[in-house]
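Trainee: One letter stands for each residue in the lines below.
Protein chains: 4
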Amino acid sequence: MTANKIAVAVLGATGAVGVRFVQLLSQHPLFHLAALTASDRSEGKRYAEAAHWVVEGEMPREVRELPLLPTDPEAVRRFAPEVRAVFSALPNESAAQAEPAFAQAGMLVFSNASHHRMMPDVPLLIPEVNADHLALLHHQRRARGWSGGIICNTNCTVSGPAMALRPLYDAFGIRRVFCVSLQAISGAGYPGVPALDITDNVLPFIKNEEEKLEAEARKLLGRLENGVVREADFGLSAHCNRVPVADGHLVTMSVETAQPVTPEEAAQLMRTFCRPELAGLPTAPEQPIIVREEADRPQPRRDRLSGAPVGGMSVVVGRVRREPLFGERGLKFVTLAHNTIRGAAGGSMLNAELAWRAGLIS
Amino acid sequence: MTANKIAVAVLGATGAVGVRFVQLLSQHPLFHLAALTASDRSEGKRYAEAAHWVVEGEMPREVRELPLLPTDPEAVRRFAPEVRAVFSALPNESAAQAEPAFAQAGMLVFSNASHHRMMPDVPLLIPEVNADHLALLHHQRRARGWSGGIICNTNCTVSGPAMALRPLYDAFGIRRVFCVSLQAISGAGYPGVPALDITDNVLPFIKNEEEKLEAEARKLLGRLENGVVREADFGLSAHCNRVPVADGHLVTMSVETAQPVTPEEAAQLMRTFCRPELAGLPTAPEQPIIVREEADRPQPRRDRLSGAPVGGMSVVVGRVRREPLFGERGLKFVTLAHNTIRGAAGGSMLNAELAWRAGLIS
Amino acid sequence: MTANKIAVAVLGATGAVGVRFVQLLSQHPLFHLAALTASDRSEGKRYAEAAHWVVEGEMPREVRELPLLPTDPEAVRRFAPEVRAVFSALPNESAAQAEPAFAQAGMLVFSNASHHRMMPDVPLLIPEVNADHLALLHHQRRARGWSGGIICNTNCTVSGPAMALRPLYDAFGIRRVFCVSLQAISGAGYPGVPALDITDNVLPFIKNEEEKLEAEARKLLGRLENGVVREADFGLSAHCNRVPVADGHLVTMSVETAQPVTPEEAAQLMRTFCRPELAGLPTAPEQPIIVREEADRPQPRRDRLSGAPVGGMSVVVGRVRREPLFGERGLKFVTLAHNTIRGAAGGSMLNAELAWRAGLIS
Amino acid sequence: MTANKIAVAVLGATGAVGVRFVQLLSQHPLFHLAALTASDRSEGKRYAEAAHWVVEGEMPREVRELPLLPTDPEAVRRFAPEVRAVFSALPNESAAQAEPAFAQAGMLVFSNASHHRMMPDVPLLIPEVNADHLALLHHQRRARGWSGGIICNTNCTVSGPAMALRPLYDAFGIRRVFCVSLQAISGAGYPGVPALDITDNVLPFIKNEEEKLEAEARKLLGRLENGVVREADFGLSAHCNRVPVADGHLVTMSVETAQPVTPEEAAQLMRTFCRPELAGLPTAPEQPIIVREEADRPQPRRDRLSGAPVGGMSVVVGRVRREPLFGERGLKFVTLAHNTIRGAAGGSMLNAELAWRAGLIS
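Chains as they are written, first to last, in our numbering: chain A, 1 to 362; chain B, 1001 to 1362; chain C, 2001 to 2362; chain D, 3001 to 3362.
To be clear, the hints were calculated from the coordinates, so they are not data collected in a lab. Treat the hints with care, as some may be off.
Covered stretches of chain D, as calculated for chain C (at least 3 residues, CB under 8 Å) [to be verified]:
hint	stretch
1	3143-3156
2	3202-3209
3	3293-3301
Glycine residues also receive a C-beta, built at the ideal position from the N, C-alpha and C atoms.
Bound conformation, chain A alone:
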């Protein structure tokens, strides 16, 4: 029955993140997918004609015939007046224009684009990391005169590190973090990375990625005070690589904490990290961080779909050990997060579920 579900739309539904949104919304217990938009090129086509269904499994039957609307609140309202929230998989340039228009029109926008992420009045949200930042929405609405609003998920690469750092930061403080990423090709969208660039190869550079990782980590772990996020006060330095893997971003981390800590304490803290306030949300993982004991895990192909009830929503951490160069305040480990689930569409879905529980969508 879709009657009691909240109607939602997906903006930019034909690309790599868009199809993941569509997939996660199929049979979602709270949300009902009522409308799809696309760029000018695809407008008017049926979804089955225009979508790049680059995810596993078949396209759900119920969306195949949906028409692709222009990315415009009027068009969505006309087609499906009951839509209350939208998931935005728009490219950055379109997001800059379209997302405020939807917010203005009274809808909550759960965005995967980077354009609004670092704006002071926009919640940049990973529910397990900083659910309280959702309160920024009130300031945003007041300041901008919107009845809807924009809530951003994070860059796909920062989700693993931010989740792993949260319990460590709270318990021991953090001074410095060195991150090196080995990122999957789906992180670049579709068509994204040309096969000729990545076959039998590594690209040791991803445009703007290191900057995003550094900035977003500090905002995510920052403290909300009087309607302002005070960025977390640690330094983070990232080197981002693209590797020939379909899905799943690995990040190796060397962390200097403020207080002494043993690898065993850190592993235990991550393993038991949980957020009771998220319990029962359809996309919330039972265990946000899975800590593996084997010497050679996590691995992208074998561990990227970890977590339940939605595979790919848990972050997997492994090789937790001493970072010798930071002595008794040093930790070294590796994180894995599914970049198009945890780090993109699944992350936004959980943001929307959190907003629903907070009474912001009804």
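With chain A's structure known, arrange chains B, C and D on it following the hints.
Mentor: Structure of chains B, C and D alone, referenced to chain A:
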């Protein structure tokens, strides 16, 4: 004409490094390949029957019919009495027994195995980095009563970092180095990594590799004083990953120097790094370190065969920039070295050419 | 509740097919996994220590602590006296000895090994293709004096072609079939194909594979008459290639039928192919053959897990079109089958379910 | 010295085939690269800025600063009045317009585009296969009133099969050919195939490729009679696949000859196939067809650069055996050709050298 060349043998000639030795010795201007040995399983076969020719190009005609001898100095002497030096591609366990036997029998052993590398009287050698360590050979011969001797090349992963650090260490000193490697599958030999483990995957662990990288870097950059290598006094922390790339080890590096340095100074120093005393040796690269300016280089497939006259002997460095977490003493960059050429067979070849110039093989 | 289930064992449980058996038996509604055997090297270890868990997802909790028994009916009986059937993932040499011993000891052996496949009294079975061949078991028991018996699944490559040919053969007859396979690396087991052999490469040869494909196809489609399988009377010529894909064997086919046929008729016949007598068996696919309309499907990564209720049990066919060189009796298409599910462990599972329905296991 | 060389230009010099032309022209003994053109987007930039240098090795120093001209004969003439011939790596749509303009302006166009290939008065040329078709140029000039002309190379996939079929066709006649290709990603140009489409995957369809392979093979092997090419009278059926390999197209072939033939005769005929009239041309391979004896060769990564003096110009054939379905007139084998060298830029280069020897460029 092979008449005036020095006769050499390859020990363990059928595996991944062995075939690379054979390839590099074909048409070598100084050395003539006179004998090949193999493990028990292959003894007595012709080379063409037993070798895993996993390198590019055809097997040289002149070696196809060579018989595989037991790995034993007597057998080699009987077959080719003129052999003066051997290149060892033996696995570690065999190297422990066989290499001393050849040294005892008066031959110089240029070894690719790790067994003897960290022994105090064994030169661990990258000619551009520490050619003077060759002097250890005299101590070794005296101590062990050998007329031959053992000279080791390094772990394949350390060659890039050690080369890049040499000029920086000499000019500015080094305090700490964080390394994360993205290593090619050929580094594990043949058969080595099962395809099922690495297809669409990364392995975030390589057994014993991080320890070797850390220890060997300090020995390589150490100072020879009174017949003893004093290890370089910096800390190095490594995290080693295997990625789905055939050849070429990438290493991302965050370096804390002792003195302030700008990225421009560092790049210039690496670019102009050269060793006149190696000039003209057949395998010595004209430019030991090639510094790339492009944002996205070096890349394994496109840059691993860099260098002339022997492709794959230059180390390629890119993305030289400030490491923000170390302020004005911080450098960040990435190195690429061909692991079976620069980091294995080619490295040993250059060691042998250095020894030849030093009058140790004649 | 395992109380009412039939106890089974897996022979050779630690390899690529063995772990797939274990995975499929976890939560199987009819069978309960009661014992595991392994080769000498692993005997006595716990399963979690010795298994190469190279399939997606976690190892089921209930098998982690199971001890690895010797591959011997006495050992299995002693550990789990209630075992009635065994799934054999043994390598061929072991299968030759061990499978008859288990059959002699009264157990039904569902074998994935090739050793017994072509023996006249051994059913070589794909339930959708030749369920009636199960009757050979009676002859086998009588001839060999066994109370148990051996039932073989097929070579992993033949499963797609045999399934696709079944309805065509019955309706139009078949004269000649040209097959070219593009096979996944998991087809070679674990460790199987060295990554150095298949990275950025194709291997245009797989030992003994073409012979098996040719012989097994004729036996599978043959007719059982008076206890003897009369091989199907068409010619089949195969060229087998290994490609850098983890799972899923593609086979391109050019078929000459005996009667005229249009591609549309052929596609419709395959699409509607079904076996009511298998309905409700836990591993039987709702639709044995899925025919795709898109020009560029099936593709291994995107389609290999097709089918329900067990993903990977349906064969996917695409590009059904005229083979111009055979005129109005010519068909051309491509098949995809998951080689370790449909073509190995899942196939044997369905064989066992068929035997259970036939009252042969109780 | 470039003084005595023939000045040439490359049209569409920034893409995958364009850079290969530039690479092959660097240090070419007959031709001197004097001008480069590109599409509107790149016009006016320096070559080093705009080229996608996706081939191995460095961009030659002498071309880095060359300006990118519009693809227009006037612009080329103005910049380099001495240009006599051009190599066209233009996409099809541009080729349709631009190539005739250059031919009209008196230049010989050696085209890699498919647009003109099947036109009756355009030579579709592989020098070893049908050098005599060059005579079509006279008819073309007369019919079109051109002082220059257009000479096409073939589709990259047909080069291996056409070369292998030539000696067989001449000696035994050919009735039917079944081809299945396993094609490399560079065959689709740059950016070409998205990595998300081909990682851990095969695409069983390449648009228009099968039709081209079928038509071009018959024209290539056809006979020139009275200024008209009579197509060869065999049937050819192709199924084309894309596989995750960087370079090198494999094609498996089942051939029905007109006369009986043994695999040994066929192999010997291919091995000894040679064209004395091409001897000494800089890009002509010493041995056009290399026949391998090993069971598992040719392989793309290991054999694609076969041939001398220009690696990648020989076709490598392997697994020559009986095709059982065609009895004593049946042959089965596999061919490998480097798709961007033999099948594209290198093929055009050899066409130009042939034209030069024929006195058509001076």
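Trainee: State for each hint whether it applies.
Mentor: To see whether the hints hold, each was checked on the structure:
Only when three residues or more bring their CB closer than 8 Å to a CB of chain C does the claim for the stretch 3143-3156 of chain D stand; here the count is 0, and the claim is violated. Coverage of the stretch 3202-3209 of chain D by chain C holds in this model, with 5 residues showing a Cβ closer than 8 Å to a Cβ of that chain against a need of three. Coverage of the stretch 3293-3301 of chain D by chain C holds in this model, with 7 residues showing a Cβ closer than 8 Å to a Cβ of that chain against a need of three.
Violation of the numbered hints given earlier is confined to hint 1; every other hint is satisfied by the structure.
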